[in-house]
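At position 49 of the sequence shown (counting the first as 1) the number is 49 in this note's numbering, and the numbers step up by one without a gap.
No lab work stands behind these hints, which were simulated from the structure alone. Among the hints, a few may not be true.
Lysine-lysine pairs mimicking BS3-like chemistry, simulated, CA-CA at most 30 Å apart [to be verified]:
{"id": "1", "residue 1": "Lys18", "residue 2": "Lys60"}
{"id": "2", "residue 1": "Lys16", "residue 2": "Lys50"}
{"id": "3", "residue 1": "Lys16", "residue 2": "Lys81"}
{"id": "4", "residue 1": "Lys84", "residue 2": "Lys115"}
{"id": "5", "residue 1": "Lys111", "residue 2": "Lys137"}
{"id": "6", "residue 1": "Lys50", "residue 2": "Lys123"}
{"id": "7", "residue 1": "Lys177", "residue 2": "Lys16"}
{"id": "8", "residue 1": "Lys81", "residue 2": "Lys111"}
{"id": "9", "residue 1": "Lys55", "residue 2": "Lys177"}
{"id": "10", "residue 1": "Lys18", "residue 2": "Lys177"}
{"id": "11", "residue 1": "Lys50", "residue 2": "Lys115"}
{"id": "12", "residue 1": "Lys84", "residue 2": "Lys111"}
{"id": "13", "residue 1": "Lys84", "residue 2": "Lys50"}
{"id": "14", "residue 1": "Lys60", "residue 2": "Lys50"}
{"id": "15", "residue 1": "Lys115", "residue 2": "Lys137"}
{"id": "16", "residue 1": "Lys60", "residue 2": "Lys177"}
{"id": "17", "residue 1": "Lys16", "residue 2": "Lys115"}
{"id": "18", "residue 1": "Lys18", "residue 2": "Lys2"}
{"id": "19", "residue 1": "Lys16", "residue 2": "Lys2"}
{"id": "20", "residue 1": "Lys50", "residue 2": "Lys18"}
{"id": "21", "residue 1": "Lys137", "residue 2": "Lys123"}
{"id": "22", "residue 1": "Lys2", "residue 2": "Lys51"}
{"id": "23", "residue 1": "Lys51", "residue 2": "Lys177"}
{"id": "24", "residue 1": "Lys81", "residue 2": "Lys55"}
{"id": "25", "residue 1": "Lys123", "residue 2": "Lys84"}
{"id": "26", "residue 1": "Lys123", "residue 2": "Lys111"}
{"id": "27", "residue 1": "Lys84", "residue 2": "Lys51"}
{"id": "28", "residue 1": "Lys50", "residue 2": "Lys81"}
{"id": "29", "residue 1": "Lys81", "residue 2": "Lys115"}
{"id": "30", "residue 1": "Lys81", "residue 2": "Lys51"}
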Amino acid sequence: MKIALIGDSENIFSEKIKSVFQEDIEFVYESNDHFEGLIIVSDNLDTDQKKIILKSNELKIPIIGIDDGFDALNLFFGGNKSIKTEDNATQLFLSPGAKLSHIVGGSGWVKCNFKLTSTIYGKDLSESFFSSIISDKGEIIGFEKAGNDWQFGIKFDIFSQDIPRGFENIINVFLDKCSDFVK
Numbered sequence: 001m002k003i004a005l006i007g008d009s010e011n012i013f014s015e016k017i018k019s020v021f022q023e024d025i026e027f028v029y030e031s032n033d034h035f036e037g038l039i040i041v042s043d044n045l046d047t048d049q050k051k052i053i054l055k056s057n058e059l060k061i062p063i064i065g066i067d068d069g070f071d072a073l074n075l076f077f078g079g080n081k082s083i084k085t086e087d088n089a090t091q092l093f094l095s096p097g098a099k100l101s102h103i104v105g106g107s108g109w110v111k112c113n114f115k116l117t118s119t120i121y122g123k124d125l126s127e128s129f130f131s132s133i134i135s136d137k138g139e140i141i142g143f144e145k146a147g148n149d150w151q152f153g154i155k156f157d158i159f160s161q162d163i164p165r166g167f168e169n170i171i172n173v174f175l176d177k178c179s180d181f182v183k
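Let the sequences and hints guide you as you build the complete structure.
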């Protein structure tokens with residue numbers, strides 16, 4: 001399976017994925033490459049990386065923006081830039097019926113300990129998405145595209161030991177969905 005990866009210049013993220021996902025994964029970095037999924041981990045996009053996002057969106061290839069990639073995805077689709085903060089989210093609300101809630105295994109309030117360095121609120125989110133994970137202070141921690149498109153943004157380190165139970169499923173289910181795209 002080929003996954004386009006934006007923003008992993010030191011191969012740290014790609015090595016973490018290879019350590020948790022059992023299938024053979026090849027990472028590609030150019031818009032003319034063939035790929036079955038897109039992972040964005042940086043908010044600094046060049047022209048070719050924007051073409052990769054556009055191609056993924058047009059072909060309905062699964063996309064996930066993680067940490068700074070959350071901002072890149074939101075900005076690409078017309079949302080506003082995150083604002084700096086030094087906040088600590090202690091509870092998250094997972095929207096009932098959202099794909100992210102289904103992946104995590106529940107909806108409603110979940111205890112957490114997320115240190116946020118930047119954030120967006122509902123007014124900052126692109127109209128292409130809806131907020132599916134929200135802090136107790138209204139900060140958007142996760143968003144997704146409604147319907148059958150698998151496009152997500154998550155504002156946390158998916159490999160952190162501090163994420164609530166079930167959140168580790170997000171990357172595995174995303175990659176499973178990418179491998180389904182191949183078939």
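Hint check:
With a CA separation close to 24 Å, the supplied pair Lys18 and Lys60 stays within the 30 Å bound. Taken as a hint, the Lys16 and Lys50 pair is honoured in the structure, with Cα atoms around 24 Å apart against an allowance of 30 Å. Only pairs whose Cα atoms come within 30 Å are accepted, and Lys16 paired with Lys81 is accepted, the gap being roughly 27 Å. Distance check on the hinted pair: Lys84 and Lys115 sit about 12 Å apart at the alpha-carbon level, within 30 Å; holds.
With a CA separation close to 13 Å, the supplied pair Lys111 and Lys137 stays within the 30 Å bound. Taken as a hint, the Lys50 and Lys123 pair is honoured in the structure, with Cα atoms around 23 Å apart against an allowance of 30 Å. Between Lys177 and Lys16, the direct Cα distance comes to roughly 18 Å. Compliance with the 30 Å bound is thereby established for this hinted pair. A C-alpha spacing of about 27 Å is found between Lys81 and Lys111, which places the hinted pair at or below 30 Å, so the restraint holds.
For the given pair, Lys55 sits about 17 Å from Lys177 by alpha-carbon distance, which is consistent with the 30 Å threshold. Between Lys18 and Lys177, the direct Cα distance comes to roughly 16 Å. Compliance with the 30 Å bound is thereby established for this hinted pair. Restraint check for Lys50 and Lys115: the C-alpha separation of about 29 Å stays at or below 30 Å, so the hint holds. Straight-line distance between C-alpha atoms of Lys84 and Lys111 comes to about 23 Å, which keeps the hinted pair within the 30 Å bound.
Our distance criterion of 30 Å between C-alpha atoms is met by Lys84 and Lys50, whose separation comes to about 24 Å. Note on Lys60 and Lys50: the hinted pairing holds, with a Cα-Cα distance of about 15 Å set against a maximum of 30 Å. Between Lys115 and Lys137 the CA atoms are separated by roughly 13 Å; this keeps the pair inside 30 Å, and the hint holds. The straight-line distance between the Cα atoms of Lys60 and Lys177 is roughly 11 Å, inside the 30 Å bound, and the hint therefore holds.
For the hint linking Lys16 to Lys115, the alpha-carbon distance of about 21 Å falls within 30 Å, and the restraint holds. At most 30 Å may separate the alpha-carbon atoms for a hinted pair to count; Lys18 and Lys2 meet this at roughly 12 Å. Distance restraint check for Lys16 and Lys2: the Cα-Cα separation of roughly 16 Å lies within the 30 Å cut-off, and the hinted pair is therefore satisfied. At roughly 25 Å between alpha-carbon atoms, Lys50 and Lys18 fall within 30 Å of each other, so this suggested pair holds.
Between Lys137 and Lys123, the direct Cα distance comes to roughly 14 Å. Compliance with the 30 Å bound is thereby established for this hinted pair. Under the criterion of a C-alpha separation no larger than 30 Å, the hint pairing Lys2 with Lys51 is consistent with the structure, at around 17 Å. Simply put, Lys51 and Lys177 have alpha-carbon atoms about 21 Å apart, close enough for the 30 Å limit, and the pair holds. Among the hinted pairs, Lys81 with Lys55 is consistent with the structure: their alpha-carbon atoms are about 22 Å apart, no more than 30 Å.
Under the criterion of a C-alpha separation no larger than 30 Å, the hint pairing Lys123 with Lys84 is consistent with the structure, at around 16 Å. Proximity of Lys123 to Lys111 is assessed by CA-CA distance (about 25 Å); at most 30 Å being required, the pair is judged to hold. Taking the CA atoms of Lys84 and Lys51, the gap is near 28 Å; set against the 30 Å cutoff, the hint holds. Proposed proximity of Lys50 and Lys81 is supported: the alpha carbons are some 16 Å apart, at most 30 Å.
Between Lys81 and Lys115 the alpha-carbon distance is near 18 Å, which keeps this suggested pair within the 30 Å criterion. Our distance criterion of 30 Å between C-alpha atoms is met by Lys81 and Lys51, whose separation comes to about 20 Å.
Going through the hint list in order, the structure satisfies each hint without exception.
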